[in-house]
Amino acid sequence: MFLNRAEGLALALPAALFTFLVFLVPVGILLSVAFQSGGSWSLQGYVDFFAQPLNQTVFLRTLKLGILVAGTSAVIGYLAAFCIVNLPPSSRGRIFGLVVLPLMISPVARTYAWIVILGRTGIVNDVITGLGLSDTPIRLLFTETAVFIGLLQLFLPLMIISLVSSMENIPKDVVPAARVLGASWFQVFFRVILPLTKEGLVIGGTLVFTGALTAYITPAILGGSKVLMLETLLYQKVNFSNDFVSASVIAMILIVMCFSANLALKRLASAKG
Amino acid sequence: MSRLSIWLILGATLTFLIGPFLIVIFAGLSAGEALAFPPQGLSLKWYAKVFTVESFRASFALSMFLAIFGTIAALIIGIPAAYALNRYDLPGAETIRTIVAAPIIVPGIIVGLALLRYFVVPLDVTITMALFVTHTALVLPYAVRVVSSSLNNLRADMEEAAVVLGCTRFQAFTKVVLPNIRGGILAAFILGFVTSFNEVPASLFLSGPGVRTLPIDMLSYMEITFDPSVAALSALLAFMSVAIVFAAERLLGFSRYV
Numbered sequence: 027m028f029l030n031r032a033e034g035l036a037l038a039l040p041a042a043l044f045t046f047l048v049f050l051v052p053v054g055i056l057l058s059v060a061f062q063s064g065g066s067w068s069l070q071g072y073v074d075f076f077a078q079p080l081n082q083t084v085f086l087r088t089l090k091l092g093i094l095v096a097g098t099s100a101v102i103g104y105l106a107a108f109c110i111v112n113l114p115p116s117s118r119g120r121i122f123g124l125v126v127l128p129l130m131i132s133p134v135a136r137t138y139a140w141i142v143i144l145g146r147t148g149i150v151n152d153v154i155t156g157l158g159l160s161d162t163p164i165r166l167l168f169t170e171t172a173v174f175i176g177l178l179q180l181f182l183p184l185m186i187i188s189l190v191s192s193m194e195n196i197p198k199d200v201v202p203a204a205r206v207l208g209a210s211w212f213q214v215f216f217r218v219i220l221p222l223t224k225e226g227l228v229i230g231g232t233l234v235f236t237g238a239l240t241a242y243i244t245p246a247i248l249g250g251s252k253v254l255m256l257e258t259l260l261y262q263k264v265n266f267s268n269d270f271v272s273a274s275v276i277a278m279i280l281i282v283m284c285f286s287a288n289l290a291l292k293r294l295a296s297a298k299g
Numbered sequence: 006m007s008r009l010s011i012w013l014i015l016g017a018t019l020t021f022l023i024g025p026f027l028i029v030i031f032a033g034l035s036a037g038e039a040l041a042f043p044p045q046g047l048s049l050k051w052y053a054k055v056f057t058v059e060s061f062r063a064s065f066a067l068s069m070f071l072a073i074f075g076t077i078a079a080l081i082i083g084i085p086a087a088y089a090l091n092r093y094d095l096p097g098a099e100t101i102r103t104i105v106a107a108p109i110i111v112p113g114i115i116v117g118l119a120l121l122r123y124f125v126v127p128l129d130v131t132i133t134m135a136l137f138v139t140h141t142a143l144v145l146p147y148a149v150r151v152v153s154s155s156l157n158n159l160r161a162d163m164e165e166a167a168v169v170l171g172c173t174r175f176q177a178f179t180k181v182v183l184p185n186i187r188g189g190i191l192a193a194f195i196l197g198f199v200t201s202f203n204e205v206p207a208s209l210f211l212s213g214p215g216v217r218t219l220p221i222d223m224l225s226y227m228e229i230t231f232d233p234s235v236a237a238l239s240a241l242l243a244f245m246s247v248a249i250v251f252a253a254e255r256l257l258g259f260s261r262y263v
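Residue numbers (my numbering), protein chains in the order written: chain A, 27 to 299; chain B, 6 to 263.
It is worth saying that the hints were derived from the structure and are not from the lab. A couple of the hints might just be wrong.
To be clear about the criterion: a stretch of chain B counts as covered by chain A if any three or more of its residues have a C-beta under 8 Å from a C-beta of chain A, and this derived list gives those stretches [to be verified]: (1) 16-26; (2) 106-115; (3) 183-194.
Not the full set, but computed from the structure, chain B residues with beta-carbon under 7 Å of chain A [to be verified]: (4) Ala32; (5) Ala41; (6) Phe42; (7) Pro85; (8) Ala89; (9) Leu95; (10) Ile101; (11) Leu120; (12) Val138; (13) Thr179; (14) Ser239.
Every residue gets a Cβ at the ideal spot worked out from N, C-alpha and C, and that includes glycine.
Take these sequences, add in the hints, and give me the full structure.
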C-alpha cells in the first residue's frame with residue numbers, strides 16, 4: 027500500500043472523469059427528460075407512457091420473456107452443469123470450452139442462424155412441408171417463440187458457466203452420501219445441490235435475466251416490429267416518431283429493472299434456505 | 006447418473022448451442038442464390054463475394070479501428086486506474102470503482118442514445134470520434150477488472166524492493182510491474198477487442214450513412230438482401246474471434262485472467 031494519496035488520485039482520476047463526463051452525464055440527462063414537462067418536474071411522461079396499450083404489452087412481454095429465459099436456462103443449466111462436473115477431467119475442459127465458445131461469436135451471427143432454421147424456406151419448414159403436415163410454410167419467425175429460442179441460445183452459456191463454477195466447489199462425496207442415506211434425486215437437488223449452488227444460480231440468473239431484458243439484436247432480427255421488446259420499442263420511438271420522452275421512460279424502466287433484479291436476487295441468495 | 010444419460014444431456018445442450026452455427030457455415034457454402042439449408046450445391050462463391058462488397062470493407066475497417074484503438078485508449082487510462090485502486094489507499098475508491106464499472110450495467114442502446122443527444126450533437130463531435138469514445142468507455146470496465154486481477158497476483162513488496170534499491174517510482178512501475186502483468190494486459194486487450202468488435206446496441210444510434218460498424222452493416226444488409234453472403238461473413242468472423250481467443254489461450258492461458 028502506498029500512502030501518497032495525491033499521486034494515487036492522479037492515476038485513477040483520468041479513467042473516472044472520462045467515464046463520468048462522456049458516459050454518466052449524458053445518461054443522467056437522458057433519464058431526467060421524462061420527469062420534465064413544460065419546465066417543471068412531473069411524472070406525466072410515465073403516466074402517458076403506461077396509458078398506451080402497446081407500451082403496456084411490450085413492457086409485460088419483456089418482463090415475461092426475461093423471466094422465462096432465466097427460468098428455462100436455470101433448468102437446462104443445472105442438468106448440463108451437473109453432467110459437466112461429473113465428467114472425467116480429460117473431457118471436462120474440452121466440453122466446457124465448447125460451452126464458452128459461442129460467447130466469442132458475434133450475436134448477429136448467432137441470431138442469424140435462426141433465420142436459416144426458422145425462416146419460410148428454413149429447415150423446420152422443409153421438414154413440416156416434406157412430411158405433409160402443412161401445405162404452406164408456417165410462420166415461425168417474428169413470433170414470441172422465435173425470440174425466446176434466440177435469447178435462450180444467446181444467454182444459456184452464462185448460466186452454465188456460473189453453475190459449473192459453483193458446483194465445482196461441492197465436495198465430491200456429498201451427493202453419493204445423500205443418495206446412500208436414502209434421499210431421492212428430487213430431495214438431493216432441493217436439499218443438497220440447490221442450497222450449495224445458490225450463489226452461482228443468483229449470478230447466472232442475474233446475467234441471463236438482465237441480458238435478455240436489454241438484448242437488442244435478437245428481438246430486432248427474430249421479432250421485428252411484430253414482437254417488440256423494450257429495446258426495439260425504444261429504437262422505434264426515437265427513429266420513427268422522435269418521441270424522446272418515451273425513450274427516456276423506457277431507459278429508466280430498463281435500468282430500474284436491471285438494478286432491482288440484481289438486488290432481489292442478492293437478497294434471495296443471502297436469505298437462509 | 007449413468008454415462009449414457011450424461012452424454013445425452015450434454016449432446017442435446019451442445020447441439021442447441023453450437024448446431025445452429027454449423028448450419029450457418031454450411032448455408033454460406035451454397036451454390037444457389039437464396040439462403041437455404043441444406044445448401045443447393047457447394048461453392049465458395051459467397052465466401053468470395055464478402056470481400057468484394059464495398060460497404061463490408063469500409064465497415065470492417067471501421068470496426069477494426071474501433072476495436073484496436075478503443076481498447077488501447079481504454080488500457081492507457083485503465084492501467085493507471087487499476088494500479089491506483091490496487092496499490093494506494095484512495096479516498097473514495099469505492100466511488101471511483103462504481104463510476105468506472107457503470108458502462109457494463111447500463112443497457113447499450115441507452116448509452117448510444119444518450120451520447121448522441123447530449124454529447125455528439127451539442128459538442129458537434131464527428132461520428133467516428135463518437136464511436137471511438139463510446140467503445141473506449143464500454144471496454145474500460147473490462148480493462149480495469151482484468152488488469153486489477155493480474156495486479157492482485159503480483160506482490161507489492163517487489164516494487165517496494167525496487168524503490169529501496171534506487172529505482173524511482175516510475176521506473177519501479179515500468180521495470181518491475183509492467184513486465185509482470187504483461188499477460189493480464191494482453192488478456193484485457195483481447196477481451197476488449199472481442200467486446201468492441203461484436204458491439205451493436207450502443208453503436209446503433211451513433212451510426213450514420215457511410216459510417217457503420219460491421220455488425221450493424223450486416224444487420225442492415227440482411228434487411229434488404231436475402232442471400233447467403235451474411236452467412237459466409239458470419240462464419241468468417243466467428244473463425245477470426247475463435248482463432249484469436251484460441252491462440253491467446255495457448256500462448257498465455259487467457260482464461261486465468263477473465
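| query | Do three or more residues of the segment 106-115 of chain B come closer than 8 Å to chain A, measuring C-beta to C-beta? | reply | holds (count 8)
| query | Does the interface hint hold: is Leu95 of chain B within less than 7 Å of chain A, judged Cβ to Cβ? | reply | Since chain A brings a Cβ to about 5 Å from Leu95 of chain B, closer than 7 Å, the hint holds.
| Does Leu120 of chain B pass the interface check with chain A, least Cβ-Cβ distance below 7 Å? | 5 Å, holds
| For the segment 183-194 of chain B, do three or more residues have a beta carbon lying closer than 8 Å to a beta carbon of chain A? | violated (count 0)
| request: Verify the interface restraint on Ala41 of chain B: the C-beta must sit less than 7 Å from at least one C-beta of chain A. | output: 5 Å, holds
| Per the CB criterion, is Ala89 of chain B less than 7 Å away from chain A? | 4 Å, holds
| Minimum Cβ distance from Ser239 of chain B to chain A below 7 Å? | 3 Å, holds
| message | Quick check on Ile101 of chain B please, does its C-beta sit within 7 Å of some C-beta on chain A? | response | Holds, about 5 Å.
| field | Restraint check, 7 Å cut-off on beta carbons, for Thr179 of chain B near chain A | value | 14 Å, violated
| chain A contact restraint on Pro85 of chain B - CB to CB distance below 7 Å | Pro85 of chain B check passes; min Cβ-Cβ to chain A is 4 Å, inside 7 Å.
| field | Hint validity - Val138 of chain B Cβ closer than 7 Å to any chain A Cβ | value | Since chain A brings a Cβ to about 5 Å from Val138 of chain B, closer than 7 Å, the hint holds.
| Residue hint Ala32 of chain B, partner chain A, criterion CB-CB below 7 Å | 5 Å, holds
Consistency with the previously given hints fails for numbers 3, 13, ordered from lowest to highest.
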